[in-house]
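Chain order of the listed sequences is A and B. Numbering-wise (my numbering), the first sequence opens with residue 1 and increments by one. Numbering-wise (my numbering), the second sequence opens with residue 328 and increments by one.
Careful: at least some of the hints might be erroneous.
Stated by the list, open to error - To be clear about the criterion: a stretch of chain B counts as covered by chain A if any three or more of its residues have a C-beta under 8 Å from a C-beta of chain A, and this derived list gives those stretches: (1) 458–468; (2) 484–495; (3) 534–546; (4) 566–573; (5) 600–612.
Worth flagging that the hints you see were computed from the coordinates, not collected in a lab. Just so you know, even glycine gets a beta-carbon here, dropped at the ideal spot from N, CA and C.
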Amino acid sequence: MSEAKNDHIVEVQHLKMYFPITRGLLRRHVGDIKAVDDISFFIKNKETLGLVGESGCGKTTTGRCILRLYRPTEGTISFNGDDISHMREKELKPVRRNMGAIFQDPFSSLNPRQTAGSIISDPLKVHNMGNKSEMDDIIARLFKMVGLDPRMTDRVPHEFSGGQRQRIGIARALACRPSLVICDEPISALDVSIQAQIINLLEELQEELGLTYLFIAHDLAVVQHISDRVAVMYLGRIMELTSSEELYENPLHPYTRALLSAIPIPNPKIERTRHRIVLKGEVPSPANPPPGCHFHPRCELAINDCSVGVPPLRDIGGGHYVSCLRV
Amino acid sequence: MAPVLEIQNLTTNFYTEYGTVKAVDGVSYYVDEGEIIGLVGESGCGKSVSVLSAMQLIQTPGRIDSGRVLFKGEDILKYDSKGEKMSAIRGGKIAMIFQEPMTSLNPVLSICRQLTEALEIHLDMDIQSARDRAIELLHMVGLPEAARRIDDFPHQFSGGMRQRVMIAMALSCNPSVIIADEPTTAVDVTTQAQLLELMNDLVTRLHTSLIIVTHNLGVVARYVQRIYVMYAGRIVESGPAEEIFENPRHPYTIGLMRSVPRLGEKRGSRKLIPIDGMPPDLIFMPPTCAFLPRCTYKIERCREEPWPALRQVGEKHYTACFVDIGEKE
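Using the sequences plus the hints, can you model the full thing?
Quick look at the structure:
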């Protein structure tokens with residue numbers, strides 16, 4: 001997309017992540033799930049990049065590739081200038097200290113048998129950050145930071161509510177003072193009235209600690225609220241990437257437009273009069289994506305050329321990238 | 328116009344070993360013929376239990392303790408829950424669409440069998456005509472190649488398609504009322520838009536009443552005529568959709584609206600205002616208003632008196648709050 005710059009904490013170039021489909025006793029390789037299919041983007045230091053798309057579009061896989069929970073099939077990922085895409089586990093350990101992850105489901109992402117304090121201290125132990133009493137201090141400080149009472153460190157996850165559990169997840173992600181935090185659907189399992197508490201907490205922490213977020217979610221309204229820039233993914237590719245405001249005011253890709261119009265607005269007057277683009281059909285399988293632009297079979301603007309070549313993600317000015325022949 | 332389905336003072340409790348859970352506590356609502364209403368609230372507010380109670384689908388330790396459910400004027404709670412009369416209502420006159428189509432469809436039966444079962448039972452159709460009708464229904468809900476796919480099993484369909492099958496099933500016996508319990512929560516936004524448009528078109532065309540149960544205020548904004556907002560087992564506000572959105576009169580409704588990000592808001596232009604605290608434990612309910620600990624409008628009176636009843640604040644607009652929250656605040 002552009003040459004590496006100093007203020008790019010993450011630089012992803014031509015990332016591909018294919019998962020093999022095997023069949024039979026010999027696990028014959030018969031195809032690939034193309035979860036991420038050639039994407040490039042960067043994340044600037046201290047910004048929030050939103051990654052939005054529907055289930056199966058590859059947004060979670062992208063996040064996991066950056067965390068190096070997967071070894072990418074192709075492409076490079078650099079973190080703070082170092083290429084981490086093919087590092088070995090041992091080399092990755094110091095890199096991972098600088099990355100945190102918050103997961104969607106605060107019920108399954110916390111060990112039910114561990115106390116909250118011990119959950120948060122795990123990353124500290126892995127990275128040898130202090131002795132017992134130092135760790136207790138850090139845990140108490142983290143508890144306060146995420147708005148939990150430090151006297152609750154000895155409780156186990158089921159004694160906390162969903163929102164509180166997500167706070168524990170956030171404290172764990174921040175334990176080693178990372179610079180980058182991958183937030184993978186951090187609020188979608190929470191009740192509406194609790195979601196805002198967590199969004200505000202994430203915003204406050206970012207300001208206080210100078211964090212960089214990759215914020216992965218399917219809810220465009222939430223992503224727009226929290227992100228500086230937003231990338232819209234569809235079937236393994238980035239369709240459009242631009243600033244939050246520009247994406248709303250001037251969406252160019254037909255998929256982005258359909259996505260925007262599908263989001264319900266809590267205002268009957270606006271909602272009843274606005275035009276809703278209802279997409280036809282369904283998302284094709286990532287094992288067998290359509291040729292050319294992945295969106296063309298459902299696109300209103302599609303022409304013959306759309307099924308031939310993959311439209312490049314090109315900058316149309318002001319850092320607004322779009323992957324469409326018709327724009 | 329007379330309401331086709333009216334729920335009056337419904338109370339459903341669950342008698343657990345930890346205590347009595349007051350899931351639904353004196354709830355009343357109605358839906359007119361051909362009307363679409365929304366029942367909105369967060370998890371545990373009693374919205375699903377209230378509709379399941381109306382269908383007599385509550386199992387022990389749950390029990391419907393009082394109230395009436397009038398379907399076309401007749402109290403269907405008086406019917407034996409396993410009797411013939413109730414069976415004729417359930418799935419026949421009043422149909423339901425559930426949240427998760429993977430768990431509410433039977434995985435070992437073809438969708439043909441699942442669709443025709445109701446037709447054979449409620450409409451006395453023979454196998455062939457039931458099958459023809461099933462194909463017609465699947466066409467109606469926009470399932471491509473319905474005739475070829477009718478013998479497929481649920482796992483062979485995507486989530487959106489499964490939900491279309493559920494809609495077809497709900498429509499199969501020409502019900503008077505359809506209750507859709509979180510019909511689009513398990514699907515993506517673009518699929519959600521497809522399904523909502525489809526349901527809206529179908530019920531409008533067939534003049535069926537529809538109750539949409541959801542936690543998402545946005546989902547109901549486009550389609551419903553009236554909204555009921557539930558909190559901790561009670562209805563706290565009800566009224567015409569536009570009134571509720573433009574002029575909410577209960578602190579909980581106001582809180583819900585302020586706490587969700589809106590599309591198109593500039594980054595940093597507005598900090599979300601969350602509702603502090605958590606919903607109450609339904610076993611240990613305070614005698615006062617259950618929203619009191621989280622309320623930003625509370626006055627002295629709220630602490631002293633029991634949970635206020637609904638009072639009228641506008642045409643068809645009711646709120647369960649002592650405080651007169653000014654218009655257009």
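Cross-check of the supplied hints:
Here the region 458–468 of chain B counts 0 residues with a CB under 8 Å from a CB of chain A, which misses the bar of 3, and the coverage is violated. Look at the region 484–495 of chain B against chain A: 3 of its residues bring a Cβ nearer than 8 Å to a Cβ of that chain, three or more, so the hint holds. Remark: the region 534–546 of chain B is confirmed as covered by chain A, as 5 of its residues place a Cβ nearer than 8 Å to a Cβ of that chain, reaching the required three. Counting residues of the region 566–573 of chain B whose CB falls under 8 Å from any CB of chain A gives 4; the rule of at least 3 is met.
Here's how the region 600–612 of chain B fares: 6 of its residues keep a CB closer than 8 Å to some CB of chain A, so the rule of at least three is met and the hint holds.
In terms of the numbered hints stated before, the structure departs from hint 1 and from no other.
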